[in-house]
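If you read the protein sequences in the order shown, they are chains A and B.
Under the numbering used here, the first residue of the first sequence is numbered 78, with each subsequent residue one higher.
Under the numbering used here, the first residue of the second sequence is numbered 78, with each subsequent residue one higher.
The hints are simulated quantities; they were obtained by calculation from the structure and are not laboratory data.
No experiment lies behind these values; they were computed from the predicted model shown.
Hints may contain errors.
Claimed, not checked - Straight line, CA to CA, 20 Å or less: simulated EDC-like cross-link-like pairs of lysine to aspartate or glutamate:
#, chain 1, residue 1, chain 2, residue 2
1, A, 330, A, 300
2, B, 83, B, 111
3, A, 312, A, 266
4, A, 330, B, 350
5, B, 83, B, 124
6, B, 330, A, 350
7, A, 312, A, 362
8, A, 312, A, 300
9, B, 330, A, 355
10, B, 83, B, 212
11, B, 83, B, 209
12, A, 330, B, 355
Unchecked claim - Every beta carbon over 10 Å from chain B, so not counted as near; a handful from chain A, in silico:
#, residue
13, 93
14, 180
15, 213
16, 422
Think of the CB as a built atom: it goes at the ideal place given N, C-alpha and C, for glycine as much as any other residue.
Number of protein chains: 2
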Amino acid sequence: MPTEHKLLIRALRGETLTRPPFWFMRQAGRYLSEYRATRTQAGSFLDLCFNPDLATEVTLQPIRRFGMDAAILFADILLIPHGLGQALDYREGEGPILEPVRSVAELAQLRMDDLHERVAPVYETVGRLASELPDNVALIGFAGAPWTVATYMVEGRGSRDHAIVKQWAYADPDGFGRLIELLVTATVEYLSRQVDAGAEAVQLFDTWAGALSETAFRRWCIEPVQQIAVQLRRKYPELPIIGFPRGVGAGYKTFAQAGAVNGIGLDWTVPLEWAAAELQGSNAEGKATLQGNLDPRLLVIGGSAMETEVRRILRILGHGPFIFNLGHGIVPETPPEHVDRLAEMLRG
Amino acid sequence: MPTEHKLLIRALRGETLTRPPFWFMRQAGRYLSEYRATRTQAGSFLDLCFNPDLATEVTLQPIRRFGMDAAILFADILLIPHGLGQALDYREGEGPILEPVRSVAELAQLRMDDLHERVAPVYETVGRLASELPDNVALIGFAGAPWTVATYMVEGRGSRDHAIVKQWAYADPDGFGRLIELLVTATVEYLSRQVDAGAEAVQLFDTWAGALSETAFRRWCIEPVQQIAVQLRRKYPELPIIGFPRGVGAGYKTFAQAGAVNGIGLDWTVPLEWAAAELQGSNAEGKATLQGNLDPRLLVIGGSAMETEVRRILRILGHGPFIFNLGHGIVPETPPEHVDRLAEMLRG
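Could you put the whole structure together from the sequences, leaning on the hints where they help?
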């Protein structure tokens, strides 16, 4: 099926569009009353991710309401650890809790064998979305990038300082490298099945890339993402891949120069003139399509504070290949009317 | 008293030294048994900051043990809000708690009148340090930068997302600007007294600069720091000023180009070749002396992981004006032997 009419795919192939496509990270979520209503029909958060009816429904909700140019599969970056057999639980107000993996010995308990079976409902959701989405809306699959997934697997929960995982990564890079290697393999497998089921682009979320110093960033963020991209492209030469290494500052340039991805998600702190000059362009020149980067807090505030910033982003990044997005996910207290106003501005 | 023989001052005036000076953020602190012993002699943390005997003692402890090239006054960035009359309490394990200021009306309760009286013991500590420090050790005074101090004043505590303060700053910039203006004035006053008492350089800690998007970063971080620097230089034309806008990524270049400071503290994520090319040099060319940027976690780990990174930092940043430091403060679980080894490497 040709997809070139979809704006998101065209932008990721390097086209500069007069009306840039848009979608928003965490566009399906608690800020929407219809999401909250669906949420009550599932038991745990994991049940919601693994229920193709409900996961399809919440993925489609924001598309119906706001008409984004892309839907992103509703799932979670920790489904891979779950698929590898690591005990995972989501507790209200606490976030995810995992049985930590902190040594090569503990790593041996994780197995690839049951991965696909354990996450099979996700592939079913992708398949349903592919057939139910409007013809002009692209479907994005996703996974966490290996470093970010590893932070949760090793720490056992969200962490502010990532002390335990950095201890392992810095003091025993060979041992920690085996966890990253396993995650590279599992991520390629997981995303391949998403593509087989109908995902037209994939995004790798590296939420905690900004915790690492330069050398570690190259080794634990850039290299694994490159490996995943190379392996996916062997199977799907045309697949657009978006990387989102959050909080890496000037490291975005190193990331772009590595040339692994078609699109780069920018967090909201990145200066735009710098990004336009140093990062935006074609892969051949060590650059990429840019995606970003409105501060989600401005979407909570709305009004002229939001609108001024939206116009600034479009003015500076609109002259090259670009996808409008936020600099991080929509927060629960966001008024849906503000999202409506933003979508109206972006549809032009 | 001429200070040109002090390595720290020479580096801040733009000299490239064969043996760069070093000090470490939070070099006085809980990782030292002698600090913990002194700490028990004070009641609250605020009592420790306001006791010139004990504050002088803890400032000197790391100098005696490790021979840094600079001592930094032992104090806290929230002494200015306290000096302005805002209720402040430090609770074990919770960090600082303040009675929040969230409107122009609440701002009116804060007064400059008693500032100097309320923080007078700090100036006494500076005076004692100036006379007690070894002749080759520079004395650094400091304050929080207005944005970072404002985050605590408005949120009422440490915050992950800075939702409340960003709400005020983005939605009512004129009102929030009055708080920043007050902090600029108070900071100039506070640092002037530190200089009068013997501080030979000052550092402005902007720990939460990385929370802001580009436009807000210019307005709430760069501009106030510029104003403080201009006003201080009117009184003390030779005073070296170090800015530490943590986590601003490519925004470090904007910060350097503003030309407000002599030295720029780099957090540990900043890529070094980029920093050497884009940020390191003289103020006249929109650059500065660089200071940084070892990941404090590598000081916890020690051994070859730490030593390799220390050599890399010295190799890349040692060819221009440079002060070795960490990318953020020493953490409590740091083994003092690792600090000893690091100091030994740096003394050469």
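Numbered hints the structure breaks, given as an ascending list:
Violated hints: 2, 5 and 7; rest satisfied.
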